[in-house]
Amino acid sequence: GESVGLHLPTLSVQEGDNSIINCAYSNSASDYFIWYKQESGKGPQFIIDIRSNMDKRQGQRVTVLLNKTVKHLSLQIAATQPGDSAVYFCAECLSFGNEKLTFGTGTRLTIIP
Amino acid sequence: GAVVSQHPSRVICKSGTSVKIECRSLDFQATTMFWYRQFPKKSLMLMATSNEGSKATYEQGVEKDKFLINHASLTLSTLTVTSAHPEDSSFYICSARISSVGTDTQYFGPGTRLTVL
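Keeping their order, the protein sequence lines are chains U and D. Okay, so the first sequence: first residue is 6 according to my numbering, each after it adds one. Okay, so the second sequence: first residue is 826 according to my numbering, each after it adds one.
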């Protein structure tokens with residue numbers, strides 16, 4: 006069936022460097038994408054979202070890029086900090102307002118001091 | 826804003842007992858809440874969608890008689906794991922949806938760690 010996955014399960018980045026977390030999705034009908042951050046023993050925290058009519062969206066230190074041609078989503082975190090260490094999930098939704106999210110498998114980001 | 830709480834945060838129970846988990850939206854009303862299950866080092870799997878005042882919609886493979894969901898108000902949904910068994914041990918997470926003009930986001934609770942002995 007349709008699925009959302011990630012290229013790398015783990016990623017280690019030196020503090021202060023930029024990090025890029027990738028996500029591949031297979032449902033070309035998906036219209037809305039979200040990145041979540043999950044720290045150990047906690048629920049996912051919303052980071053940033055993007056709709057399919059955009060290819061880039063920026064937040065505070067984070068940027069999400071969407072390439073619908075190759076069905077690829079990425080999360081860029083600038084100037085990483087120790088507090089960025091967590092598992093990051095991408096999630097897709099068939100349409101904005103559709104409700105149902107399908108989560109990817111997650112990438113563990115570790116920031117090395 | 827957009828805070829979602831869960832209670833309890835951890836629960837240990839004996840096999841065969843039932844456990845109730847509460848999910849509350851603290852500073853907003855949520856017509857829709859969701860229940861997820863997460864195994865260690867795995868992703869979140871949607872169990873059911875809970876709409877206030879109506880029956881929950883369960884995902885394929887989720888037993889509705891095993892996982893009872895009640896969404897009695899716009900700020901509270903409960904998940905009851907009935908006759909729990911060790912294989913029900915997991916991290917259960919709820920989310921509440923905010924939907925308005927330009928916004929449609931799920932905010933997640935902190936999760937409940939269930940251990941069935």
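For the record, the hints were derived by calculation from the structure and aren't laboratory data. Treat each hint with caution, since some may be false.
What the hints assert, rightly or not - Taking lysine-lysine pairs in the PhoX-like style, the calculated list, with each CA pair at most 25 Å apart, reads:
| no. | chain 1 | residue 1 | chain 2 | residue 2 |
| --- | --- | --- | --- | --- |
| 1 | U | Lys47 | D | Lys845 |
| 2 | D | Lys880 | D | Lys845 |
| 3 | D | Lys867 | U | Lys76 |
| 4 | D | Lys867 | U | Lys105 |
| 5 | D | Lys866 | D | Lys880 |
| 6 | D | Lys867 | D | Lys889 |
| 7 | D | Lys880 | U | Lys105 |
| 8 | U | Lys61 | U | Lys47 |
| 9 | U | Lys61 | U | Lys73 |
| 10 | U | Lys61 | U | Lys105 |
| 11 | D | Lys880 | D | Lys839 |
| 12 | U | Lys76 | D | Lys839 |
| 13 | U | Lys47 | U | Lys76 |
| 14 | D | Lys891 | D | Lys839 |
| 15 | U | Lys105 | D | Lys839 |
| 16 | D | Lys845 | D | Lys891 |
| 17 | D | Lys867 | D | Lys891 |
| 18 | D | Lys839 | D | Lys889 |
| 19 | U | Lys76 | D | Lys880 |
| 20 | D | Lys845 | D | Lys867 |
| 21 | U | Lys105 | D | Lys889 |
| 22 | U | Lys105 | D | Lys866 |
| 23 | U | Lys47 | U | Lys105 |
| 24 | U | Lys105 | D | Lys845 |
| 25 | U | Lys47 | U | Lys73 |
Stated by the list, open to error - One side only, chain D facing chain U, incomplete, derived with CB under 8 Å:
| no. | residue |
| --- | --- |
| 26 | Val828 |
| 27 | His832 |
| 28 | Phe853 |
| 29 | Leu871 |
| 30 | Thr874 |
| 31 | Gly878 |
| 32 | Gln931 |
| 33 | Pro935 |
Just so you know, these numbers come straight off a predicted model, no measurement behind them. We treat Cβ as the ideally placed atom computed from N, Cα and C, and that holds for glycine.
A quick look at each hint next to the structure:
1. U:Lys47 x D:Lys845: holds (19 Å)
2. D:Lys880 x D:Lys845: Roughly 17 Å between the alpha carbons, so the hint for Lys880 of chain D and Lys845 of chain D holds.
3. D:Lys867 x U:Lys76: holds (22 Å)
4. D:Lys867 x U:Lys105: Given that 25 Å is the threshold and the Cα spacing comes to 18 Å, the pair holds.
5. D:Lys866 x D:Lys880: violated (31 Å)
6. D:Lys867 x D:Lys889: holds (23 Å)
7. D:Lys880 x U:Lys105: OK: Lys880 of chain D and Lys105 of chain U at ~16 Å, within 25 Å.
8. U:Lys61 x U:Lys47: Given that 25 Å is the threshold and the Cα spacing comes to 28 Å, the pair is violated.
9. U:Lys61 x U:Lys73: holds (11 Å)
10. U:Lys61 x U:Lys105: holds (23 Å)
11. D:Lys880 x D:Lys839: violated (28 Å)
12. U:Lys76 x D:Lys839: Between Lys76 of chain U and Lys839 of chain D the Cα gap is close to 45 Å, so the pair fails against 25 Å, i.e. violated.
13. U:Lys47 x U:Lys76: Status violated; Cα separation ~29 Å.
14. D:Lys891 x D:Lys839: Status holds; Cα separation ~16 Å.
15. U:Lys105 x D:Lys839: violated (33 Å)
16. D:Lys845 x D:Lys891: holds (12 Å)
17. D:Lys867 x D:Lys891: holds (22 Å)
18. D:Lys839 x D:Lys889: With a Cα-Cα distance of about 21 Å, the restraint between Lys839 of chain D and Lys889 of chain D holds, given a limit of 25 Å.
19. U:Lys76 x D:Lys880: Judged against 25 Å, a Cα distance of about 35 Å means the pair is violated.
20. D:Lys845 x D:Lys867: holds (23 Å)
21. U:Lys105 x D:Lys889: Given that 25 Å is the threshold and the Cα spacing comes to 18 Å, the pair holds.
22. U:Lys105 x D:Lys866: The hint holds at about 22 Å.
23. U:Lys47 x U:Lys105: holds (21 Å)
24. U:Lys105 x D:Lys845: holds (24 Å)
25. U:Lys47 x U:Lys73: Violated. Lys47 of chain U to Lys73 of chain U sits at ~31 Å, over the 25 Å cutoff.
26. Val828: violated (11 Å)
27. His832: Check failed: Cβ of His832 of chain D comes no nearer than 13 Å to chain U, outside 8 Å.
28. Phe853: violated (14 Å)
29. Leu871: With Cβ-Cβ at 7 Å, under 8 Å, it holds.
30. Thr874: holds (7 Å)
31. Gly878: Not OK, violated: Gly878 of chain D not within 8 Å of chain U, min 16 Å.
32. Gln931: Since the shortest Cβ distance to chain U is 7 Å, the answer is holds.
33. Pro935: holds (5 Å)
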